[in-house]
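With the hints as your guide, set chain Z onto chain G.
Here's the letter readout for the chains.
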Amino acid sequence: MSDTQTFLLDGEEIPFAPGQTVIQAALAAGHYIPHLCYHPEFKPHGSCKVCTVKVGNRTAASCTLPAQAGLEVESASDEMNDLRRTLVQMLFAEGNHFCPSCEKSGNCALQALGYDLGVMTAGFRHLFPDRPVDASHPDLLLDFNRCILCELCVRASCEVDGKCVFALSGRGIDKHLIVNAPSGRLEDTDVALTDKAVQVCPVGVILKKRVGFAQPIGARRYDASPISAQALADAPRAPAGDGRCAACEEAEEK
Amino acid sequence: MPEQTELREVLAAIVQRHAGAPTRLLQVLRDVQDVRGWIEPEAIALLGDLLGLPAARVEGVAGFYSFLRTDRPARYHILFSDNITDRMRGNTALLDYLCGKLLVERGHVSEDGLVRVDFTSCTGLCDQGPGLLVNGWAIPNTNIERLDCIAQLVLDQAPVTEWPADLFSIQDNIRRRDILLGHDLQPGDALRAAVARGSESAAEAAANARSWREANIAAPQGPLAVLDEIKRAGLRGRGGAGFTTGLKWEACRNASGPMRYVVCNADEGEPGTFKDRVLLSGYADLVFEGMTVCAYAIGAGQGFLYLRGEYRHLLAPLEETLARRRAAGLLGKDIAGLKGFDFDIQIHLGAGAYVCGEESALIESLEGKRGIPRNRPPYPVTHGYLQRPTTVNNVETFCAAALIAAKGGDWYRVIGTAKSAGTKVLSVSGDCARPGIYEYPFGTPVRQVLADCGAVNTQAVQISGPSGVCIAADEFDRRIAFEDLPTAGAFMVFDQSRDMFQVARNFAHFFAHESCGFCTPCRVGTTMLKATMDKIAAGHGTPYDLAEIEKLDRVLHQSAHCGLGHTACNPTLDTLRRFRPTYEKRLKSLDFEPAFDLDGALARARRMTGRDDAGAHLSTEATE
Chain G
1 MSDTQTFLLD GEEIPFAPGQ TVIQAALAAG HYIPHLCYHP EFKPHGSCKV CTVKVGNRTA
61 ASCTLPAQAG LEVESASDEM NDLRRTLVQM LFAEGNHFCP SCEKSGNCAL QALGYDLGVM
121 TAGFRHLFPD RPVDASHPDL LLDFNRCILC ELCVRASCEV DGKCVFALSG RGIDKHLIVN
181 APSGRLEDTD VALTDKAVQV CPVGVILKKR VGFAQPIGAR RYDASPISAQ ALADAPRAPA
241 GDGRCAACEE AEEK
Chain Z
1 MPEQTELREV LAAIVQRHAG APTRLLQVLR DVQDVRGWIE PEAIALLGDL LGLPAARVEG
61 VAGFYSFLRT DRPARYHILF SDNITDRMRG NTALLDYLCG KLLVERGHVS EDGLVRVDFT
121 SCTGLCDQGP GLLVNGWAIP NTNIERLDCI AQLVLDQAPV TEWPADLFSI QDNIRRRDIL
181 LGHDLQPGDA LRAAVARGSE SAAEAAANAR SWREANIAAP QGPLAVLDEI KRAGLRGRGG
241 AGFTTGLKWE ACRNASGPMR YVVCNADEGE PGTFKDRVLL SGYADLVFEG MTVCAYAIGA
301 GQGFLYLRGE YRHLLAPLEE TLARRRAAGL LGKDIAGLKG FDFDIQIHLG AGAYVCGEES
361 ALIESLEGKR GIPRNRPPYP VTHGYLQRPT TVNNVETFCA AALIAAKGGD WYRVIGTAKS
421 AGTKVLSVSG DCARPGIYEY PFGTPVRQVL ADCGAVNTQA VQISGPSGVC IAADEFDRRI
481 AFEDLPTAGA FMVFDQSRDM FQVARNFAHF FAHESCGFCT PCRVGTTMLK ATMDKIAAGH
541 GTPYDLAEIE KLDRVLHQSA HCGLGHTACN PTLDTLRRFR PTYEKRLKSL DFEPAFDLDG
601 ALARARRMTG RDDAGAHLST EATE
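First to last, the protein sequences are chains G and Z. So the first sequence is residues 1 to 254, counted in our numbering. So the second sequence is residues 1 to 624, counted in our numbering.
It is possible that some hints are incorrect.
Straight-line alpha carbon distances no greater than 25 Å define the calculated DSS-like cross-link-like pairs of lysine-lysine that follow [as the list claims (entries may be wrong)]:
(1) G:Lys43 - G:Lys209
(2) Z:Lys407 - Z:Lys231
(3) G:Lys209 - G:Lys163
(4) Z:Lys369 - G:Lys43
(5) Z:Lys535 - Z:Lys585
(6) G:Lys196 - G:Lys163
(7) Z:Lys551 - G:Lys54
(8) Z:Lys585 - Z:Lys551
(9) G:Lys163 - Z:Lys369
Far from chain Z, some chain G residues (derived; all Cβ distances over 12 Å) [stated by the list, open to error]:
(10) Pro66
(11) Glu72
(12) Gly106
(13) Val133
(14) Pro138
(15) Leu141
(16) Gly170
(17) Gly172
(18) Gln199
(19) Ala214
(20) Ala229
(21) Gly241
Note that these hints are calculated values from the structure, not bench results. Ideal Cβ placement from N, Cα and C applies to all residues, glycine included.
In isolation and in its complexed conformation, chain G is listed as follows (with noise of 0.2 Å):
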């Protein structure tokens, strides 16, 4: 008798563990649904939605549905596509975004995301949102213009490093990232080359100083294979933190 549950992705069943999320059993299973604000170590945020799916006539964000024996799950198809691409456009809109000029370039999820999908233009108006940088770390650099508020560097500080270096404030369109320090600048917080939120930017916000281009435009990651094809090999990675900060709740249960 098995004891493997499985539901259907696209009509290839998908074994799931108990607690897995339909993203976290289809990417152990060699199956790529396109996400962004989801990362195989952190507990799932469920924020960017590029990894909508529909099951039945509703959709949802694959990284936070549960995984259940017997769900149908469509997300190969044109019409979750077409959503996907319309959200990355929404991203690339809402800031500055420049891959030519950017040192990330080839080494963003975002960019090779938009190749991946097919984004030809931004599709919606730009916002051209003013957002000054803070090069006051003698060793980071933090550009918001490129932030999609994924808050991976949030949750990695909090629930990797112990720090919360960095929050979110502002509400809606508004909203944006913030260090921790009452002068707002890097250089007045505890960061460290060393911690996992610096590490784990999808995009060119959090820069480390003068390497920029020690790896040169051509033989960067997203260069060498489209980044569905490496997100499976990225996948089966163990939790880097227990979605829990510590020092966040330790204040809350006072």
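Structure of chain Z alone, referenced to chain G:
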């Protein structure tokens, strides 16, 4: 630094008042703003220290709520309600008038740090608008005379507590009563009836057990009997979604956890809705009684009432009602003489965030966080406040629950329609002779409400606010009921003189302002919708833009995180479907028009040079 020490003392006293609990962060920040006029950067760092939270998290919460200011202090924060009904009563001209009197630019603190004047989302005074908030205190019926008075008080720097009381006098305007608004219950009646509903053996078991809660499990007839009545009544949630209340209570009762909670959602933010304000001002006992009945049925030990910041004036009277009920043994320990039935209610004040009306965002806010809707499942009935089982219901739902506890499910069931039992309290505003509160049995046609409120030449009615539906004259025979026109209570009337495009545009601005920004489609999509509506309003729209609106609607329905995003395009699409000519007459007869507005791009240069004459504008084609 003596100033720093002084600030620390002020903050420490406030934090102390809230028992140093991080869950009270929003309440702490409200108090700090009251004392300091804003949340200054030094206060954020100190509060983090005092509460044991990262300062960035304190800043994130302060930055989320509209009523909390982190930019500059002002002694007076004056906010004009900007619902469409306020617009129809001339709020824009009134705001300009006050800005002129006080010599300030809208949205900017005056040079001397005295005053800031701006718009805010609907404040729930649509039947006596335009509404106004001064440091959070509501003023109805704004007009020139009142603004003259207010301007003088501001210039004299009179404390708001000393302003003439008649400025703040708010009417209930109850126009039609039915079983709820016409109820004859005394405080405690429903609760005693609920307890008595248990068989005698249950009461005996409870008396013999160490506590009522223990008996609750061993011999649960009492609470189960109440649950049974609620189910038999067919009561559905009055917040708009219409979930079956009995099932919600039962799921929460059956969930395991160290503590269960009852939360009353009084974050009545839907533009055009104000019935909860009236229920909380005139029927507070009934609301608290319903919450206590719920606590009895599900075995909860703590309750919260989440009161929207705009209803700050109700806080003191509500606290008085709570104190009275405690003194009468209807709250606190051994309620109604039942050993171990311990339950109390705490009031939590919001600070200007419509999204907190969504139950999981409301719970986040209760926990002292940014009001972001959670991922679901799990649902609040199993993982709510502090991840514990929590029942969240609307103000009116608790009132109905109290009535049912007193009079029984069968009595309630026969009122209304088969699928919508009971009555609905409507907040009627807009173009009608008698705006105010109307209670009707479910199944009442829109036409009757219009006749009763004295509406003539009605062009359209927005049912249940911007996130509801807009109906035209040929649909006025439709009925207020979950199976036809479900509603959280808003009923905004527009006569033939109104421009329905501008109505939809006002709502598009509302959603963009209130999007929490968590998910991509809502954060960006509501902004794009607003920009498209503004483009059409400016005479630059094309058929392409109308297609774009339909695309945005599709994206938001498919992928937004919560109801706010799902419904954000509804008012635009509803009016586009029913009143298309009002859109089309604005369009340029072109297939495509670039979104880039060259004249608009010169606005900054005009501001810098202080010019706004015709010569500073590009000549635009005369629109026929």
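Going through the hints against the structure:
With a C-alpha separation of about 29 Å, the suggested pair Lys43 (chain G) and Lys209 (chain G) falls outside the 25 Å cut-off, and the hint is violated. In summary, the hint linking Lys407 (chain Z) to Lys231 (chain Z) is supported, as the alpha carbons are separated by about 14 Å, within the 25 Å threshold. Distance check on the hinted pair: Lys209 (chain G) and Lys163 (chain G) sit about 21 Å apart at the alpha-carbon level, within 25 Å; holds. A hinted pair counts as satisfied when its Cα atoms are at most 25 Å apart, and Lys369 (chain Z) with Lys43 (chain G) qualifies at roughly 19 Å.
At most 25 Å may separate the alpha-carbon atoms for a hinted pair to count; Lys535 (chain Z) and Lys585 (chain Z) meet this at roughly 13 Å. The suggested pairing of Lys196 (chain G) with Lys163 (chain G) holds, with an alpha-carbon distance near 11 Å, which does not exceed 25 Å. Of the pairs offered as hints, the one joining Lys551 (chain Z) and Lys54 (chain G) holds, with about 17 Å between alpha carbons and a cut-off of 25 Å not exceeded. Distance check on the hinted pair: Lys585 (chain Z) and Lys551 (chain Z) sit about 21 Å apart at the alpha-carbon level, within 25 Å; holds.
For the given pair, Lys163 (chain G) sits about 18 Å from Lys369 (chain Z) by alpha-carbon distance, which is consistent with the 25 Å threshold. With a closest Cβ-Cβ approach of about 7 Å to chain Z, Pro66 (chain G) is found to fall inside the 12 Å limit, against its non-interface label. Even its closest Cβ contact with chain Z, about 17 Å, leaves Glu72 (chain G) beyond 12 Å, as expected for a residue assigned away from the interface. Every CB of chain Z is more than 12 Å from the CB of Gly106 (chain G) (nearest about 23 Å), matching its label as outside the interface.
Here Val133 (chain G) stays apart from chain Z, with its beta-carbon at least about 18 Å from theirs, past the 12 Å limit. In this structure Pro138 (chain G) is separated from chain Z by more than 12 Å, as the shortest Cβ-Cβ distance comes to about 21 Å. Separation of Leu141 (chain G) from chain Z is adequate, the least Cβ-Cβ distance of about 19 Å exceeding the 12 Å criterion. A beta-carbon of chain Z is positioned within 12 Å of the beta-carbon of Gly170 (chain G); the least distance is around 5 Å.
Against chain Z, the non-interface label of Gly172 (chain G) is violated: not every CB pair exceeds 12 Å, the least being about 4 Å. With a cut of 12 Å on Cβ distances, Gln199 (chain G) stays outside the contact zone with chain Z, its closest approach being about 20 Å. Residue placement check: Ala214 (chain G) keeps its beta carbon more than 12 Å from all beta carbons of chain Z (closest about 31 Å). Against chain Z, the non-interface label of Ala229 (chain G) holds: every CB pair exceeds 12 Å, the least being about 24 Å.
With a least beta-carbon separation of about 15 Å from chain Z, Gly241 (chain G) lies farther than 12 Å from that chain, consistent with its non-interface assignment.
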